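**Q** Just need the whole structure built from these sequences, with the hints factored in.
First to last, the sequence lines map onto chains A and B.
Under the numbering used here, residues 1 to 313 are what the first sequence spells out, in order.
Under the numbering used here, residues 1 to 493 are what the second sequence spells out, in order.
Treat the hints as calculated values from the structure; they're not laboratory data.
In this text the structure is predicted, and so the values were computed from the model without any measurement.
Be aware that a few hints might be false.
[Stated by the list, open to error] To spell it out: a stretch of chain B is covered by chain A in this simulated footprint if at least three of its residues, at any positions, have a beta carbon under 8 Å from a beta carbon of chain A; those stretches are: (1) 61 to 71; (2) 140 to 150; (3) 347 to 354.
[What the hints assert, rightly or not] Far from chain A by the CB rule (all over 10 Å, computed), these chain B residues: (4) 250; (5) 257; (6) 308; (7) 439; (8) 475.
Yeah, the Cβ is synthetic: ideal placement off N, Cα and C, and Gly gets one too.
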Amino acid sequence: MLGKTAGGLYWMFRYLERAENIARLIEAGFRIALTRSTDAEAEWRSVVTTSGMERAYGEQYDTFSAANVIDFLLRDTANPSSVLSITSNARDNARLVRTALTTEVWEAVNDSWMTLTTLLAEPVRETELPSILNTIRQQSAQVRGALHGTMLRNDIYDFSRIGTFIERADNTARIIDVKYYTLLPSTSFVGSSLDNVQWETVLRSVSAHRAFRWLDESEMTSSAIADFLILDKRLPRSLAFCTSQIVSNLRYVAEDYGNTYECNRKAEKLHSRLMNRDIESIFEEGLHEFIDAFIGDNNALGRQIEEDFRFNG
Amino acid sequence: MRARDNTIVLKHDHPMIKSMTADRFFDEMTGAGEDIRQPYAHYHQWFSQQDADRLDKKSREAEAFFRRSGITFNVYGQADAQERLIPFDLVPRILGSQEWARLARGIEQRVAAINAFIHDIYNRQEILRAGRVPVELIANNDAFLPQMIGFTPPGKVYTHIVGTDLVRTGEGEFYVLEDNARTPSGVSYMLENRETMLQMFPELFSKIKVKPVSDYPKNLRKSLAACAPLSAGTKPSIAVLTPGIYNSAYFEHSFLADQMGAELVEGHDLRVLDGHIAMRTTQGYKRVDVLYRRIDDNFLDPLTFNPESMLGVPGIMDVYRAGNITIANAPGAGIADDKAIYSYMPDIIEFYMGEKAILKNVETWRCGEPESLKYVLDNLADLVVKEVHGSGGYGMLVGPAATKAEREAFAEKLRARPGNYIAQPTLSLSTVPIFVDKGLAPRHVDLRPFVLVSPQGINIAPGGLTRVALTEGSLVVNSSQGGGTKDTWVLED
Chain A
1 MLGKTAGGLY
11 WMFRYLERAE
21 NIARLIEAGF
31 RIALTRSTDA
41 EAEWRSVVTT
51 SGMERAYGEQ
61 YDTFSAANVI
71 DFLLRDTANP
81 SSVLSITSNA
91 RDNARLVRTA
101 LTTEVWEAVN
111 DSWMTLTTLL
121 AEPVRETELP
131 SILNTIRQQS
141 AQVRGALHGT
151 MLRNDIYDFS
161 RIGTFIERAD
171 NTARIIDVKY
181 YTLLPSTSFV
191 GSSLDNVQWE
201 TVLRSVSAHR
211 AFRWLDESEM
221 TSSAIADFLI
231 LDKRLPRSLA
241 FCTSQIVSNL
251 RYVAEDYGNT
261 YECNRKAEKL
271 HSRLMNRDIE
281 SIFEEGLHEF
291 IDAFIGDNNA
301 LGRQIEEDFR
311 FNG
Chain B
1 MRARDNTIVL
11 KHDHPMIKSM
21 TADRFFDEMT
31 GAGEDIRQPY
41 AHYHQWFSQQ
51 DADRLDKKSR
61 EAEAFFRRSG
71 ITFNVYGQAD
81 AQERLIPFDL
91 VPRILGSQEW
101 ARLARGIEQR
111 VAAINAFIHD
121 IYNRQEILRA
131 GRVPVELIAN
141 NDAFLPQMIG
151 FTPPGKVYTH
161 IVGTDLVRTG
171 EGEFYVLEDN
181 ARTPSGVSYM
191 LENRETMLQM
201 FPELFSKIKV
211 KPVSDYPKNL
221 RKSLAACAPL
231 SAGTKPSIAV
241 LTPGIYNSAY
251 FEHSFLADQM
261 GAELVEGHDL
271 RVLDGHIAMR
281 TTQGYKRVDV
291 LYRRIDDNFL
301 DPLTFNPESM
311 LGVPGIMDVY
321 RAGNITIANA
331 PGAGIADDKA
341 IYSYMPDIIE
351 FYMGEKAILK
361 NVETWRCGEP
371 ESLKYVLDNL
381 ADLVVKEVHG
391 SGGYGMLVGP
401 AATKAEREAF
411 AEKLRARPGN
421 YIAQPTLSLS
431 TVPIFVDKGL
441 APRHVDLRPF
451 VLVSPQGINI
461 APGGLTRVAL
471 TEGSLVVNSS
481 QGGGTKDTWV
491 LED
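**A** Put into structure tokens, the structure is as follows:
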């Protein structure tokens with residue numbers, strides 16, 4: 001496979017994953033804004049921060065109102081991480097790697113682009129927001145379904161999955177990072193309504209609010225939530241789940257190519273930091289420091305993958 | 001005339017047909033006004049039993065299909081770079097097996113002559129010495145590449161892929177309008193149009209025996225592989241070189257690479273390595289033996305041609321001249337499809353093939369010749385004037401359709417650079433009906449069959465791309481100027 005093609009696949013799936021995560025972030029923010037109007041401004045601010053686009057946002061707006069944030073994150077083409085920009089990037093990459101994709105995957109991506117560019121052509125009214133966010137999620141599910149259902153399990157599939165999980169790990173880590181203070185085990189706030197709201201936002205941002213109630217029989221505590229998001233191997237958006245997927249997909253590529261790469265070592269190292277640990281030891285290390293280091297190492301892993309497989313030269 | 005509400009019945013007293021035949025143009029379905037022409041007989045019978053609303057719905061389905069598949073193109077010079085569809089018309093253009101056989105013979109003869117001509121021009125130049133083609137026409141030609149002198153490409157093939165543009169004016173009257181010997185495009189539409197027809201009207205294809213075109217990608221691969229350098233071994237590696245995803249024909253580039261099972265590369269994926277061309281893969285550099293390039297000569301090698309080019313591969317011409325890569329089509333092949341050379345094609349065919357040209361040339365005035373220039377300026381209202389190096393319907397004047405002011409402005413350009421232009425009479429292009437508003441209406445068409453050349457022979461896909469001017473009366477069929485396409489059928493015997 002061409003290095004460029006591997007890179008195109010990797011980025012295509014990073015972008016698709018990112019679009020879905022942005023939609024999820026907005027959904028969580030919207031929910032909080034509806035139920036707790038007093039916290040709304042702070043909530044929208046943290047949504048923008050999590051998206052990593054606070055500076056670009058600040059260049060355009062002074063306040064964090066629902067309308068501005070939603071417009072900025074969904075359809076502002078000046079924002080490189082808006083759903084509209086990302087969808088177009090994902091499709092450009094899909095065009096670039098068209099020969100590596102099945103017709104089903106290509107058509108799903110193309111359809112997603114056609115649907116979302118039409119849907120986001122005009123500013124989104126609040127009454128339409130839930131259905132638009134729902135469409136974004138559905139489009140994403142369609143691409144994923146086509147990928148799983150029609151693609152050969154070879155290096156093309158592996159690079160697609162690696163892009164997905166590098167992006168997802170980054171997103172989950174950012175959500176934890178922005179809200180890390182609400183996840184610290186400080187007994188004085190336990191049970192307060194502020195914490196409950198914050199925790200719910202965090203869980204909703206990774207679509208895990210319902211799963212958490214089902215899987216975790218213990219009460220909703222900060223450390224149980226942190227444990228769930230960071231270490232739980234059952235949750236498809238936890239850091240541990242993402243890194244284990246990255247490790248195995250990179251291993252398949254290495255086996256396929258009959259070689260071991262620097263990125264294999266880096267991925268295993270990143271994953272091992274999440275294995276056989278409990279959440280208390282992470283709190284002892286410092287949650288913020290731990291997440292910060294994770295984000296940096298995950299990014300470095302991404303760069304190593306680009307280098308090892310010659311995405312750019 | 002409708003028998004039931006939505007059923008179309010076409011008889012010869014149908015007002016629409018009457019207006020078609022009263023016209024001075026030859027209609028390929030109704031001919032000169034007698035019965036439906038033989039190749040269309042079965043189709044016409046089927047069509048007249050169709051429900052118009054159903055066809056209307058099918059037509060919209062086809063459009064949705066093209067959009068979903070991403071069969072789109074970008075138009076040069078449009079600021080917002082919107083992707084557009086080439087409109088597809090669901091009425092096929094049908095050729096009988098006999099008329100096709102004659103066309104195919106004529107195309108084969110012409111393409112063989114073109115390859116002999118290019119080889120001669122870059123080697124012994126016998127045709128120039130014989131005085132059959134003027135030396136200046138070659139020496140002053142931008143398409144002539146001195147780098148090709150004394151070099152013979154692998155397999156002695158210059159034009160691996162040719163798209164011969166044909167027009168028709170009567171029952172047996174076919175003219176060659178252009179020989180596209182560089183990087184002819186449109187073959188993906190030939191294939192996708194057929195796919196679309198098969199999906200929309202499967203019953204038609206069980207009723208009417210149409211020669212399949214779906215072998216084209218396989219044949220292209222075979223043909224290119226047969227032209228690989230000797231050092232390539234038994235399984236040569238083939239890649240398609242594209243300028244990238246923003247090129248107007250990118251869909252076709254990726255489509256062909258996909259269908260052939262070849263890599264789709266851009267210039268920055270390639271480099272010269274140990275005297276070969278190699279592409280950067282996830283596992284290091286891998287040799288490429290045949291490069292089907294879809295970029296112009298000028299962009300091929302910044303070390304040899306345009307130094308600003310980011311699209312090509314620095315040093316590829318050295319590898320080429322050392323015989324270690326096949327470039328399709330060969331650099332410098334454009335010398336044969338120049339519009340000024342075109343006027344010499346009947347001589348060129350006779351010179352190399354020892355027989356008269358089977359297909360006619362359109363009468364052509366070379367404006368560089370003073371007498372011709374005078375004639376052209378005097379008769380501008382009746383002529384089509386084209387730039388010698390232009391393509392895609394840009395920079396041309398269609399005399400009868402132009403205003404007086406447009407003609408006068410163009411005359412200025414002509415006088416300033418006469419050698420840059422040729423002129424031809426406006427041909428009475430044949431029409432084929434298109435489906436409009438629940439009925440049929442005649443529109444002008446042309447035809448581009450696709451030809452593959454290898455040392456093993458010349459292979460012509462039975463069919464081609466029929467382009468159709470969608471505006472009533474318009475003679476410009478180019479997709480960049482609002483033209484559409486039709487599926488092109490060649491009937492089995």
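**Q** Now tell me if each hint is right for this structure.
**A** Hint-by-hint comparison with the structure:
| no. | hint | in the structure |
| --- | --- | --- |
| 1 | 61 to 71 | holds (count 4) |
| 2 | 140 to 150 | violated (count 0) |
| 3 | 347 to 354 | violated (count 0) |
| 4 | 250 | violated, 7 Å |
| 5 | 257 | violated, 5 Å |
| 6 | 308 | holds, 20 Å |
| 7 | 439 | holds, 31 Å |
| 8 | 475 | holds, 34 Å |
Violated hints, in rising order: 2, 3, 4 and 5; the structure is consistent with all others.
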